[in-house]
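Between the sequences and the hints, there should be enough to build the whole structure, so can you do that?
Residue numbers (the numbering used here), protein chains in the order written: chain D, 1 to 360; chain Y, 1001 to 1360; chain Z, 2001 to 2360; chain U, 3001 to 3360.
Please note that the accuracy of each hint is not assured.
[What the hints assert, rightly or not] Below, computed lysine to aspartate or glutamate pairings styled on DMTMM-like, alpha-carbon distance capped at 20 Å:
hint : chain 1 : residue 1 : chain 2 : residue 2
1    : Z       : 2089      : Z       : 2233
2    : D       : 89        : D       : 313
3    : Y       : 1089      : Y       : 1166
4    : D       : 89        : Z       : 2105
5    : D       : 89        : U       : 3233
6    : Y       : 1089      : U       : 3105
7    : U       : 3089      : U       : 3142
8    : U       : 3089      : Y       : 1105
9    : Y       : 1089      : Z       : 2233
None of these hints come from the bench; they were simulated from the model.
Here is how the chains run, residue by residue.
There are 4 protein chains.
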Amino acid sequence: MASNEVPPITRRHDPSRRGFASDNYAGVHAAVLSALEAVNGGHEGSYGADAYSANLANVFRPHFGDRCEVFPVFNGTGANVVALQSMTKRWDAVICAESAHINVDECGAPEKVAGLKLLGVPTRDGKLTPEHIASRLGGIGDEHRAQPTVVSVTESTELGTCYSIDELAAVCEASHRSGLLVHMDGARISNAAAFLGVGLGALTTDLGVDVLSFGGTKNGLMLGDAVVVLNPEAVSGVRYLRKAAMQLASKMRFISVQFEVLLGSDLWLVNARRANELAARLATAVRDVAGVTITRPVEANAVFAILAPAVADRLRTRYGFYTWDEATGEVRWMTAFDSTEADIDEFAAAIATEAATGPG
Amino acid sequence: MASNEVPPITRRHDPSRRGFASDNYAGVHAAVLSALEAVNGGHEGSYGADAYSANLANVFRPHFGDRCEVFPVFNGTGANVVALQSMTKRWDAVICAESAHINVDECGAPEKVAGLKLLGVPTRDGKLTPEHIASRLGGIGDEHRAQPTVVSVTESTELGTCYSIDELAAVCEASHRSGLLVHMDGARISNAAAFLGVGLGALTTDLGVDVLSFGGTKNGLMLGDAVVVLNPEAVSGVRYLRKAAMQLASKMRFISVQFEVLLGSDLWLVNARRANELAARLATAVRDVAGVTITRPVEANAVFAILAPAVADRLRTRYGFYTWDEATGEVRWMTAFDSTEADIDEFAAAIATEAATGPG
Amino acid sequence: MASNEVPPITRRHDPSRRGFASDNYAGVHAAVLSALEAVNGGHEGSYGADAYSANLANVFRPHFGDRCEVFPVFNGTGANVVALQSMTKRWDAVICAESAHINVDECGAPEKVAGLKLLGVPTRDGKLTPEHIASRLGGIGDEHRAQPTVVSVTESTELGTCYSIDELAAVCEASHRSGLLVHMDGARISNAAAFLGVGLGALTTDLGVDVLSFGGTKNGLMLGDAVVVLNPEAVSGVRYLRKAAMQLASKMRFISVQFEVLLGSDLWLVNARRANELAARLATAVRDVAGVTITRPVEANAVFAILAPAVADRLRTRYGFYTWDEATGEVRWMTAFDSTEADIDEFAAAIATEAATGPG
Amino acid sequence: MASNEVPPITRRHDPSRRGFASDNYAGVHAAVLSALEAVNGGHEGSYGADAYSANLANVFRPHFGDRCEVFPVFNGTGANVVALQSMTKRWDAVICAESAHINVDECGAPEKVAGLKLLGVPTRDGKLTPEHIASRLGGIGDEHRAQPTVVSVTESTELGTCYSIDELAAVCEASHRSGLLVHMDGARISNAAAFLGVGLGALTTDLGVDVLSFGGTKNGLMLGDAVVVLNPEAVSGVRYLRKAAMQLASKMRFISVQFEVLLGSDLWLVNARRANELAARLATAVRDVAGVTITRPVEANAVFAILAPAVADRLRTRYGFYTWDEATGEVRWMTAFDSTEADIDEFAAAIATEAATGPG
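Encoded structure:
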């Protein structure tokens, strides 16, 4: 059967509909799709023994420095769990914000797969400080306590905020001074860099971050995140841990090339900046709407707001988004690289209209 | 930046080169690539809340029956580990052939991630029999033993052989009679069905297989395998286990639609049959070559042969393939859907030439 | 060599010295030692197939009701980890106080051995309330979250306080109403029963506690805790989990008989009451000492107090005890069944003397 | 309640009855019981901070050399799982005989608790050879394979045989030459030393064994095994791993002192030699009985024999013992330190009588 004999796929979704539940409601950037086609055809080594995976060092090192090593994986949870395992021994603990993805949204994978204890610290804005870290070091050397070994920060945070360079530097410095390694969950690191107006290395390598979970999926890829080892002395066994964590792709060329598209051009920045700008545009448009309260600084590509549940429910009949906090009615709106100003303006107008109608 | 402003990817590999190390050296079927493009654009629910994932029941049920439930995952190791966990409790054991992928090629993921004990049985041809199963049931009810609960068969096997329908039926019957569930690692189930000339359900649902790891990646997909639950009473918590095993794709529409291409047409069969035929062609071509001994029945898409190491090494300068057994010099040649008769004939000719030259 | 030819052991410690670091600084009650001797001699079934283990139901059921099943283990951590595993599936979470032993003092065993996620709730006094429980139920049914399945309470708590019957009843009722099971860490349940003036069943079975970790070691045994299943429908696989958790004693008669001594008489109550009374005596004696502040209600056998670090350090040259909170200088003094009023009075006098001397 | 007010324990078993199912059917040596009494009384540091635990180096080093470090645990499974974890990383595998206790009799604890993959090798006599080890090294460096890192030998073996010094030396040498560490499961190491007529160090430290699970329970203790680190560079984190494996005793003085009794005198040798001699006596007595076939060399304290199942069943009405192999009817008789020649002669006579009666 030639390919043209396979019946073409019918589109089952309405591409004009917009959702704000997550930046992974978006599809794939056209340049990524083109690249998938370009690398197809013929036989290439599997499990990373292909020319595109071999080239990844050239793709990442201009951003992250000459010592970095790259291990593509399937998703952000995979990147985090592989990274944390490579940095810890069996009896170790990881200090993180209570709101961290690893602590809240990974169905306990760090505990279940890696046996790690997470020491979650309540924070106001999703950002750890040296004081937070110091507060969890009490049990070092005590055999009754899982041993704190890694500090995991998320940049940008799950709350749409960004650590400043100084804030991150302080966390890295405090961690290292206490003998801890630093892991960054960078599922949205590009959004943070875009917000701060710096390069990716300025947020990571330059500050002494040891291992990065680099996020591609939320920034225009079809599928692909990566464990980026910035300090090779901080890890061991990444290759084995990736396979044992079921994160080793057989036809890896199709993942690796996506990173080449993203980081071999300015696409990482263009996409992230656009998503951020659309979030800012949305926040600006609804900030003064009666019945809508923006609850957190809008820095990356998320807007958090409180509005009446009935209003939210009516909006949701047309636009997907999540309630973040049932107790307060706070919702989260996320923007993605593939929306337009018109999309945002339409959504903002709908918010204003529904808010004016009120809880009804 | 419009997509046309992203510099196009340079092809880094030579698509005319052929490799026989694995069927995942192949690329992606053109119809699959087309489908990825077709489902792009616009916003769709993530983590499976999309129209293509919702449609998967319609895609799989014509093959596997009306009770089947489908959980796409990233790869075969992921499918196996999620499936086995869903069928077992924390103290359980799994009976499998010593040569099984779960026992040999998954870096211990079943043990490490799921805490399972594998009870590997030596086999001549990669196929379990009722006698093999009976031999591992001694410890049932004894608290000192991990409890045998699942029998895992691989169809087609890692040795290129296929269980016949009768053989599989006997294993299923013996397993169920002893209170055990049956898991099938179907990374290459399509090749088995093509060899046996039966449908996919005839190898699984009709025989009482409880859970199937359905393989797509090796049969023309870019990336995608699935846990297919044939007996919903045999499992619990698949959704949670998939997420905790880091196998839940965010932009799942791009995985789900690939299954629609494969199983919504005859592509699964066309691809598998072609790969099988090319293996048979290769075996026929080299069977009588002096210095080459075909070592196993050629049923699916693998040819195992013994030849002088020096001969193998010379061939490997042009064609990738693995040594299967260092001790005997046995090698494995795998064929894929995307090769031509000419490719095979060229390879066979090279084998004959090098064998004639001898160990040198 | 007859036993009298083995050189007798030299006492290496000074039995007149008193420590207040833990109730497990105490030794073994004389009646327990006598019982160990009584059951020695001859051959008895191992791994629980002995007459003393067979008799345990008769020992525990008068306290905990006719459905209870008893599984002796080596220590409290073992009891907790076996109990929690028997009540949960692989993807589950356990709600507990942030101060719970399982969360703080078990080197991450629940995460590492059982893969559980602990959802720790900050509390003022170590006691969970229905409101605390409700606050952690948000993710039920969401595959991204480890699923809350068990509420674990500690009675008496790690802070020396006791849930009242009404408080425990409210927690059990709220848990069950939300579909959660209740586990009790009863490492010091006897102290709670003594404080509250009720039987052991009134704190557990009568309120609907599903599984209890019953503590013997801290209350006069040499070694021995037990998983006591009060609701057999709440668990599965305890026998296998106990063995896989390395908690199955071979010569179990020597553990089982200790429970017979403790619970077959009033010894559990006599020992616990005495320890409680000594704690109350200590608190009364130092409550009005200038420079000493009792910080928590003294209900079971612990006294928490803040005093100047230099004062604490001088006391520690003669009496062992722990600093509970480095930040505040809070210390913990625990009393045990084997001390006398004179011991306490001597320690109280030393505290008064050192406090009068001041930080120096 | 004074101790004399606690009702004394009634003996529930018949101490004159003999069992041959396991050496842990035996009780406790009188000198051990005396020592438990001697160390009772007063307050001592918990979790190993006591004078008897502090003295353990002095107890073990005369046997195992000046570098050895001792970590008491509760049982042999605990010792094995802690030892193996301390020698491995998360992705490692352990080579062992298929008949090894870690592979057969620990309910999968090495897989479940430590995530280890065991590479079991079939052996004739329970003993690994350099060839066996070489056969399992194929996957070193291959990320698809759990990485062989430790060779675990059992001395004496589960089959009642003993590695000779030369055999052990060859295994150690081959392991180290391949970069592997050596663990010894020494649950019955004293029986092996007694059989071979050498000291404990001659079987371990002198040959380069890296870590030993030292067995006390089967050789006259009430309860107590130990992880004995012979090569401190081979391990990390033993203290944390012991606690996380729930093997850290609170009142540890009562375990540590038992080792002092055993190893601080010749008791380890006297007990082991006696058990061995009784096994040899039994084998001699029944070797020529018609209907009884001794199946394995009788070297340590086990006798394996085949006899008619009906004969075995009749014997079992009076003497406990296990069927080792249902298929062949092979049974195992174990002897212990606390039996007499008369006990053995009586049992041998019963065997002869029942064998003469025949399968009936």
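Hints, verified against the model:
| no. | hint | result |
| --- | --- | --- |
| 1 | 2089/Z with 2233/Z | holds (14 Å) |
| 2 | 89/D with 313/D | violated (46 Å) |
| 3 | 1089/Y with 1166/Y | violated (30 Å) |
| 4 | 89/D with 2105/Z | holds (18 Å) |
| 5 | 89/D with 3233/U | holds (16 Å) |
| 6 | 1089/Y with 3105/U | holds (18 Å) |
| 7 | 3089/U with 3142/U | holds (15 Å) |
| 8 | 3089/U with 1105/Y | holds (18 Å) |
| 9 | 1089/Y with 2233/Z | holds (16 Å) |
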